[in-house]
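We have chain A; now place chain B onto it with these hints.
Protein chains in written order, with my numbering: chain A, 703 to 997; chain B, -12 to 393.
By construction, these hints were calculated from the structure, which means they are not laboratory data. The structure displayed is predicted, hence computed values, not measured ones.
Below 20 Å or equal to it, Euclidean Cα-Cα: the simulated EDC-like pairs (lysine to aspartate or glutamate) are:
id, chain 1, residue 1, chain 2, residue 2
1, B, Lys298, B, Glu242
2, B, Lys377, A, Asp768
3, B, Lys388, A, Asp782
4, B, Lys377, A, Glu897
5, B, Lys377, A, Glu907
6, A, Lys909, B, Asp378
7, B, Lys370, A, Glu907
8, B, Lys388, A, Glu783
9, B, Lys37, B, Glu22
10, A, Lys964, A, Asp954
11, A, Lys973, A, Asp781
12, B, Lys388, A, Glu914
13, A, Lys814, A, Asp781
14, B, Lys265, A, Glu902
15, B, Lys29, B, Asp8
16, B, Lys29, A, Glu864
17, B, Lys365, A, Glu907
18, B, Lys265, A, Glu762
19, B, Lys273, B, Asp247
20, B, Lys29, A, Asp860
21, B, Lys377, A, Asp789
22, B, Lys265, A, Glu897
23, B, Lys265, A, Glu758
24, B, Lys377, A, Glu902
25, A, Lys909, B, Glu379
26, B, Lys265, A, Asp768
27, B, Lys265, B, Glu250
28, A, Lys814, A, Asp768
29, B, Lys388, A, Asp915
30, A, Lys909, B, Glu384
31, A, Lys980, A, Asp938
32, B, Lys365, A, Glu902
33, B, Lys388, A, Glu907
34, B, Lys273, A, Glu897
Restraint-style ranges between C-beta atoms, simulated for each label pair:
id, chain 1, residue 1, chain 2, residue 2, range
35, B, Phe187, A, Glu870, 51 to 59 Å
36, A, Val911, B, Ile366, 19 to 27 Å
37, B, Tyr207, A, Tyr908, 45 to 53 Å
Quick reminder that beta carbons are idealized off the backbone N, C-alpha and C, glycines included.
The chain contents come next:
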Amino acid sequence: MLKIRFHGRGGQGVKTSSRILGRAAFLDGYIAQDSPIYGAERRGAPVVAFTRISREPILERGYIFDPDIVIVVDETLLDDERARPLDGVKSGGIVFVNTQSEQAQVENVDDKLFIKYSITDAALRVIGKPIVSSPSAAAAAKITGIISKESIIQATIDELSELGLAEEALERNLRLVSEVFDTIPTPQLKILNGETTPREVIQLEYKGVIYEDIVNVGNASLRRVGNWRIFKPIVDYQKCTGCMLCFVYCPDSVISLDAKNKPIIDYENCKGCLICVKECPLHAITAVREVKIYA
Amino acid sequence: MREVEMMTGNTAAAWAARLADVDYIPAFPITPQTEIIETLAKWIGEGLMKAKLVQFESEHSMLTAAGTASLAGARVFTASSSQGLLYGFEMLYSISGWRAPLVLVNVSRGVAAPLTLEPDHNDVLSARDSGFIQLHAENCQDVLDLILLAYRVSEDKRVRLPSIVNMDGFYLSFTREPVRIPSKEIVGEFLPPYTPTLPFCPSRPVVKGASVLSGSLYTYFKHNMHESMIRASEVIDEASRHFEELTGRPHKPVEGFYLDDAEYVLVMSNSFTTIGKKAVLRLREKGVPAGLVKLVMLRPFPAAQLARLLKNRRAVAVFDQNLSLGLGGIIYSEVAGALYNERKRPETLISVIGGLGGKYITMEEFEYIFNLLQHPEKIEPGKPVFLFRKDELRAVENTIKLAGVV
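Bound conformation, chain A alone:
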């Protein structure tokens, strides 16, 4: 059985990725199982989804703790204490990272194989938007080495049609899927040790009455969300007249005003929604592609 785990952020569509891959495997005659895990997360929070592919009935459900392949759709998750996308990857497993890399790079790190490629840039080129759900599925399918291109294309059509995607958008997604599938290599997956480290079972102790209260309030401000950005809004202060519209429209209140009412953007917390770019009547704010390099 092959186990694939997708890591992304709410809104990036990793649930769809896991479904496209699951359906492609199903179309190729495998038994497949795909599922997301999410709670009450807002957009941008870490999200995980899973695909299991097997010739035999799948006697597993839920979270994949020991993936053969991990697809990191958002590289900033690599530093996220809670997402921990590399946890449990089998020795000899493959990690795909969506990062700044025009060509698909393959390298060994410790006992794992890393493939780096920017599907975001590929998506910007082909679709014009940073759509990463379908190309992530294509990358995963190619890495498995057992999914046909025909099936990943058909699965993309099935899944995206179900989501009600317009024909032209679907067409572009298919071009992107096809391109990513052709670009990503199929390295040999050599699982060196399929067994996970044994986890100790314990007996819970009673330590008196425990309340589910939270005393440490207000820690949301400690979480920096600036690294979610794909595009960065840059203000041209020569053009800006200080009309304050960007300040009013910013949904996250990360724009403050200086003495002349000109905007100061808090880049540590700006998520790059680009509403300010849209609202500025003088087009004084532009969106600049921002790149974070995962070393």
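This is chain B only, laid out in the frame that chain A set:
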């Protein structure tokens, strides 16, 4: 639509309602059940189903409408989860007392507080005494099949009691796997149209759900419902045989896995059974004569069948994904009761609590259970064993520390 399709448990439930050609769907949203209603609403909007879907202001109204519409002669489908089921709870007893044979899908979710979205069975088992037949699904195919089976059995004139079909939230509700969709013809042959008894009709007045205000009448009717419920067992067997003839898929109230020569047996239900089966296979590889009993039918409780399957075993563990606070596992007590009058009952019967709020159970935890079965002297008899891991405890302690509670 392909004959086999990738679908979630929620979609499978919607497919069953569609194939059963239900007339009326009273609804109220709650995670993780909402997708069922959304799917049905979409199909009705597209003209693929003729049913009437009405969204109510609460589950209490929803279930009231469900029961009364069923008495009026409509085939009724409805669904809820957790708090939602509990909010409409009072009406469960009314629906069964009225002998309204509707089908309610419960998508299991732990009951707050603390609030969570993932499954355990305190919600559905709270309805165990309400007069609903209960069928619990292990996989998405079961969801579809058991709903069809539930309509057939509930509407049977020998039974005339409502059914709850249970599936686990997330582990089934949002998990896709291949599901076979039976043809309209097959379902038509398996499930005859619903013929209500004395339906509401303007030209012939009838009082339904009349008050009795008498202990004797009350007992008389309750005894009658109990006997009908007991007889539902045979009707389920009969319907399952017919279903298997038509589809090739057997659905037994109690299913055994590697049971023939098993000395150490785990009793469990719902979606975690899949993981339990993997554990049994691993133990078999290590030479441990392990086996598993899956409970599909929780009401009527298959006491005699359980006693037959569990007698002469060396040791049995009951895995309860529920907790009756101050007692332990609910199903453990019921299995113990079923075994008491069996002279060759297993000497050891262990109670295990696992999977509360969807807590994942690893192979190590399953192996721990089988280890206890081989060495029962390590634990106090009858005292429930809570499955928990060291790595989980570390994470829990860290979270509590972050919350700031000393």
